[in-house]
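So that you can map any letter, position 46 of the sequence shown is 46 in our numbering, and since no number is skipped, the others follow by simple counting.
For the record, the hints were derived by calculation from the structure and aren't laboratory data. C-beta atoms are modelled at their ideal positions from N, C-alpha and C, and glycine is treated no differently. There may be inaccurate statements among the hints.
[To be verified] Simulated DEER-style distance windows between Cβ atoms:
#1 Ser81 / Leu14: 44 to 54 Å
#2 Ala77 / Ala42: 13 to 23 Å
#3 Leu106 / Leu27: 22 to 32 Å
#4 Leu67 / Ala42: 47 to 57 Å
#5 Ala12 / Leu106: 47 to 57 Å
#6 Asp20 / Gln109: 23 to 33 Å
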Amino acid sequence: FYCPSGSASPTACLPGYWSDQTGLRNLSQCLVCPVGFFCPSASSSPSPCPTGTYGSQPALGDSVGCLSCPNHQDASAGSASCTFCSADFFADSTIASNLVCDNCLLGAQCPRNVSLETINLNTGKW
């Protein structure tokens with residue numbers, strides 16, 4: 001909240017902005033919500049985009065602005081992009097920042113965030 005000079009009551013920071021400070025005098029003192037987070041009106045701290053979503057733009061005003069990860073990709077809460085693969089998939093390639101998630105291989109286990117180099121093979125396989 002901020003309180004312009006001469007106002008009788010405080011004014012909330014706009015959606016996409018936040019502040020945990022008191023004594024603010026104008027809107028410009030509210031902070032822009034960072035990428036990977038959203039800030040509804042009157043936020044005292046940014047809220048992370050949920051797991052499996054990402055916020056690629058600053059100043060998101062609500063969780064609707066958090067986008068679902070595509071193509072079996074996944075993200076931790078508060079992420080600015082999808083950086084690993086969902087369970088049952090593995091990262092086959094991350095060439096040029098292009099994450100490619102493929103089906104888990106026969107005879108392997110693929111929890112979240114597994115790459116070809118870190119895939120869990122069942123006993124007696126390969």
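Verification of the hints:
Between serine 81 and leucine 14 the Cβ separation comes to about 25 Å, which falls outside the hinted range of 44 to 54 Å. Remark: the range hint 13 to 23 Å for alanine 77 to alanine 42 is upheld by a beta-carbon distance near 21 Å. For the hinted restraint 22 to 32 Å between leucine 106 and leucine 27, the CB-CB distance of approximately 58 Å leaves it violated. Taking 47 to 57 Å as the suggested C-beta distance range, the pair leucine 67 and alanine 42 does not conform, at roughly 24 Å.
Separation of alanine 12 from leucine 106 is about 55 Å and conforms to the stated range, judged on CB atoms against 47 to 57 Å. Between aspartate 20 and glutamine 109 the C-beta distance comes to about 43 Å, which lies outside the given range of 23 to 33 Å.
In this structure, the earlier hints numbered 1, 3, 4, 6 are contradicted, and the remaining ones agree with it.
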